[in-house]
Amino acid sequence: MRSSLPLVAVLLLAGFVLSFTASEYTLRLLNMAVIASVAVVGLNFAFGYAGLISLGHAAFVGLGAYTLAILTTQAGWSPWLAAIPAILGTGLVAAALGYPLLRLKGHYLALATLGLNVSFSIVAANWIEVTGGTNGIARIPGLSILGHDLKDERSFLWFGLAVLAVLSVLALAIHGSRIGRAMMAVRDDETAAAMTGINVTGVSVSAFALSAIYAAVAGCLFATHVHFVSPDDFSYAHSITHLAMLIVGGEATVAGAIIGATLLTFLPEWFRIFGDGYLAFFGLMMLAILVFLPTGIMGLLRRWRRAPRPGTAPHGAARS
Amino acid sequence: MSALQATGITKRFGGLLALSEVDLTVDPGEFVALIGPNGAGKSTLLNVLTGLSAPTTGRIALDGRDITRLSTHDRIRAGLGRTFQHGRLFERLSVIENVMVGAANRKGRSEAELRSTAFAQLRRMGLERFADQPISALTYGNRRMVELTRVLACEPRVLLLDEPAAGLNTGEVEDLMARLRAIRAQDKIAIVLIEHNMGMVMRLAERVVVLNFGVKIAEGTPAEVQADPAVLSAYLGEGAAHARH
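The listed protein sequences correspond, in order, to chains A and B.
Taking UniProt numbering, the leading residue of the first sequence gets 1, the next gets one more, and so forth.
Taking UniProt numbering, the leading residue of the second sequence gets 1, the next gets one more, and so forth.
Possibly wrong hints are sitting among the right ones.
Claimed, not checked - Each computed SDA-like pair below joins lysine to any residue, with the alpha-carbon atoms no more than 25 Å apart:
(1) B:107 / B:74
(2) B:107 / A:25
(3) A:105 / A:243
(4) B:107 / A:243
(5) A:151 / B:107
(6) A:105 / B:61
(7) A:151 / B:74
(8) B:107 / A:105
For the record, the hints were derived by calculation from the structure and aren't laboratory data.
Because the structure is a prediction, the values reported are computed rather than measured.
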């Protein structure tokens with residue numbers, strides 16, 4: 001249907017341009033925003049397209065990050081090599097968990113995935129020999145491309161933006177394909193989807209696994225950027241933030257996922273003047289968005305774009 | 001060989017016997033109407049045939065192949081199609097995308113082929129001007145026609161229609177009947193029609209099957225069924241059959 005490719009291109013380009021002018025502090029935040037964007041574009045497969053409420057997305061980010069951290073620091077793998085099992089392994093774990101888990105719907109699925117996230121945190125904090133417990137894993141090596149270390153914030157941002165660009169284009173391609181339509185059909189009406197020849201379980205599990213793969217990529221970026229992982233980085237609170245990012249961005253679009261992820265990465269910093277009261281402002285803002293902008297920022301943009309031409313009814317349809 | 005053959009279908013919900021030893025045979029290209037008072041088990045039979053609920057006992061074969069244990073989507077891929085009583089569409093996809101989901105059942109079609117197949121189906125149903133519209137822009141009647149178009153895009157050999165005329169106005173019912181006749185002539189698919197609109201049933205169906213309280217009480221041509229005392233008493237109550245004779 002409506003493609004958000006132009007908007008995604010503008011957002012990524014804006015990030016690239018900012019990378020030349022921004023302060024070190026803003027660059028770091030931009031990197032965090034890019035990493036969150038990768039995770040949230042992934043969550044969009046499960047929640048936005050297939051309608052699966054997942055409150056365990058951070059667990060898959062963590063699984064990717066920890067796998068890379070363990071393989072690099074304990075087995076001495078290069079981070080590039082370690083990223084492969086980290087990403088594919090997380091996808092397989094999600095698929096294996098998805099089969100039993102996705103029999104649940106709505107609130108039940110939300111609770112089960114939340115439980116999954118809590119379990120992940122407990123294992124990460126207590127399996128000390130492997131995960132280092134609450135001390136986490138430090139000295140994770142960074143990435144380097146053709147001998148150039150991605151040590152500084154700027155070059156990491158360029159790499160992050162490139163990864164986000166590739167993953168966004170892939171997500172948009174899936175959105176416009178029969179697989180994407182099948183996911184959205186399952187979201188809108190499972191019974192009618194099955195009656196149209198769609199394997200509902202297969203499509204749901206695929207969407208869940210795909211979202212976990214994106215989460216694992218975000219986890220690998222996180223681990224190689226911060227060089228340190230601990231259980232706190234992947235608590236269920238982060239899963240709720242991911243979901244909030246997607247809802248704020250809105251309308252199950254890739255551009256919305258990026259806008260929401262970026263906005264909610266920067267907002268806590270902007271609200272820092274309120275000190276501990278920031279959470280209250282944050283909560284009120286979320287409430288306001290849910291009440292007044294149920295389709296998120298993307299819905300708002302769409303309304304603005306339509307507003308100048310109130311007389312043009314959707315008629316005579318331009319086929320694309 | 002029959003296109004669809006259901007034998008000895010029994011469906012029990014706890015203490016309620018919704019279907020009892022129902023047999024239904026549909027020949028290739030045949031037009032069968034399934035009628036009966038409310039609660040007779042017509043929709044339950046469609047649910048069992050399409051795999052939405054498992055029969056307590058009984059066997060279902062499609063083109064001679066046993067599909068009793070297949071999942072719903074596998075039955076659809078095997079050649080069964082069904083519409084719902086109130087029309088169920090994918091609300092957040094456009095009209096043509098709804099139909100494209102159906103067209104995607106045939107593997108190996110490119111995105112452009114899916115779109116052109118779906119558009120051809122819409123044109124055949126006179127819906128091409130709605131192709132890029134959202135579902136919310138459709139009238140009730142057109143929603144039901146889009147649902148029919150979507151199931152036709154799955155290219156079924158046996159099509160089960162659950163009260164397709166319910167809620168349609170007289171003009172829309174005439175249009176629906178003309179389209180069903182044309183579909184049958186062109187695609188040579190067998191149709192099983194559940195319908196309360198008796199005029200429609202009598203004009204379209206070659207054979208009528210009557211259910212009452214989960215039991216098949218009559219079967220025959222429209223004229224035979226209309227004259228059947230058991231049918232009259234089921235619809236009009238005891239005594240109606242006697243009064244006529």
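Now the hints, each set against the structure:
This hinted pair checks out: residue 107 of chain B and residue 74 of chain B have alpha carbons roughly 13 Å apart, not beyond 25 Å. With a CA separation close to 51 Å, the supplied pair residue 107 of chain B and residue 25 of chain A exceeds the 25 Å bound. For the given pair, residue 105 of chain A sits about 17 Å from residue 243 of chain A by alpha-carbon distance, which is consistent with the 25 Å threshold. The hinted pair formed by residue 107 of chain B and residue 243 of chain A fails the criterion: a straight-line CA distance of about 34 Å is larger than 25 Å.
A threshold of 25 Å between alpha carbons decides the hint, and for residue 151 of chain A with residue 107 of chain B the separation of about 47 Å lies outside it, so the pair is violated. Restraint check for residue 105 of chain A and residue 61 of chain B: the C-alpha separation of about 32 Å exceeds 25 Å, so the hint is violated. Our distance criterion of 25 Å between C-alpha atoms is broken by residue 151 of chain A and residue 74 of chain B, whose separation comes to about 52 Å. Distance restraint check for residue 107 of chain B and residue 105 of chain A: the Cα-Cα separation of roughly 29 Å exceeds the 25 Å cut-off, and the hinted pair is therefore not satisfied.
Of the numbered hints given earlier, the model fails hints 2, 4, 5, 6, 7 and 8; all others are met.
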